[in-house]
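Protein sequence lines, in the order shown, are assigned to chains A and B.
Residue 39 in the working numbering is what sits at position 39 of the first sequence, and the numbering runs on without skipping anything.
Residue 89 in the working numbering is what sits at position 89 of the second sequence, and the numbering runs on without skipping anything.
Hints in this document: simulated from the structure, not taken from any laboratory.
All residues carry an ideal CB built from backbone N, CA and C; glycine is no exception.
Be careful, since some hints might not be right.
[Stated by the list, open to error] In silico DSSO-like links for lysine-lysine, alpha-carbon gap of 27 angstroms or less:
(1) B:96 x B:54
(2) B:54 x B:66
(3) B:96 x B:66
(4) A:65 x A:18
(5) B:96 x A:65
(6) A:57 x B:96
[To be verified] If you want the footprint, here are the derived chain A segments under chain B, 3+ residues with CB under 8 angstroms:
(7) 45–59
(8) 104–113
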Amino acid sequence: EAAVTQSPRSKVAVTGGKVTLSCHQTNNHDYMYWYRQDTGHGLRLIHYSYVADSTEKGDIPDGYKASRPSQENFSLILELASLSQTAVYFCASSEPDRINQDTQYFGPGTRLLVL
Amino acid sequence: EQQVQQSPASLVLQEAENAELQCSFSIFTNQVQWFYQRPGGRLVSLLYNPSGTKQSGRLTSTTVIKERRSSLHISSSQITDSGTYLCAMAPSNTNKVVFGTGTRLQVLP
Numbered sequence: 001e002a003a004v005t006q007s008p009r010s011k012v013a014v015t016g017g018k019v020t021l022s023c024h025q026t027n028n029h030d031y032m033y034w035y036r037q038d039t040g041h042g043l044r045l046i047h048y049s050y051v052a053d054s055t056e057k058g059d060i061p062d063g064y065k066a067s068r069p070s071q072e073n074f075s076l077i078l079e080l081a082s083l084s085q086t087a088v089y090f091c092a093s094s095e096p097d098r099i100n101q102d103t104q105y106f107g108p109g110t111r112l113l114v115l
Numbered sequence: 001e002q003q004v005q006q007s008p009a010s011l012v013l014q015e016a017e018n019a020e021l022q023c024s025f026s027i028f029t030n031q032v033q034w035f036y037q038r039p040g041g042r043l044v045s046l047l048y049n050p051s052g053t054k055q056s057g058r059l060t061s062t063t064v065i066k067e068r069r070s071s072l073h074i075s076s077s078q079i080t081d082s083g084t085y086l087c088a089m090a091p092s093n094t095n096k097v098v099f100g101t102g103t104r105l106q107v108l109p
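Isolated chain B, as found in the complex (with noise of 0.2 angstroms):
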């Protein structure tokens, strides 16, 4: 069973275009993070929010824990935002991470 899923697999914006990336748990976690990817590059952290929400820049993530869920909202999208979004979290009490599938994004000028 996958316990992260993120939806949607794929989405392409125009530049400007705001984007909404879901992901829901089939477990109960306190530590929710939000990735992001080139193709073939390095994982850097974009959020750690395990729960409400949480701004950085252009970005805001909402985690609403009782109902196994988080999104991040991109505003404003630009061509350097395309890459892939994970999402991932860790069981309560647990430090094993799991991650998502993810979700790609492509933004076109």
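For reference, chain A alone in the conformation it holds in the complex (with noise of 0.2 angstroms):
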């Protein structure tokens, strides 16, 4: 079965900090995403990566970066912190195939609180 592990799962950050997001894969997908939750907007979409070595901005990219060092880790970092970026963060990776397409495995969420 698919595995996506994040990293930590919870945290507590002060406005103006810097917070770094980890994600693994273990799936040998080529696609993975940073998506953040919050009540009333769903899910969006943050950063996504096609290949290692290469990011791209999602719908909602501004005070984020990611980073793809590897096929299996996905990071979203968070220069300077702020109150409005507290929200639950997931990960994913899929990749399309003819038969699923473009099924995403999600991982479980990091939870951000920043004050």
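Combine the two chains into a complex, taking the hints into account.
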């Protein structure tokens, strides 16, 4: 079964501090994604990546950077955390194929509280 | 503009009743997927259904691409079906998945 793990599972950060969220997948998938989930907004795409050493901007990239050092690892970086970035963050991986197309496999989420 | 609209926003059922969840898109897509999420929990893919009808156990999804809509039918609901059901799609020729805000389902004994 596909496996996506995230660390930390929860974090409290101070405004203006740097936060790094990590994601690791053992699915051998090329595609990885970072989403945030807020009440009333569903999930929104922050950054994604098709291949190692390359990242793309999603729908809400402002205030976030992403890093894909290897196929298995995808990080989300908040250089200057702000109160508005309090949310639950989900990582996902996928590998489009003929059968399942772009079925996404999600990690358990990271709950971030910025004070 | 919300590209993916889901209805109803919430639904309460008695155990064993059936549920019908709706999803509509503002743009054309060839990738439609339904997810399930417990409060604060991981999203789990239920069905990938870009067109036509697809069934998995008590779940049946029907997607009509030309009408830009998809539905998820849950038959004989169980208490453990309670949670949020999310519809997601990717605009044609992209991999940027867009999610709806979900339908919160509560199944009562």
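Violated hints, by number in ascending order, as checked against the structure | none
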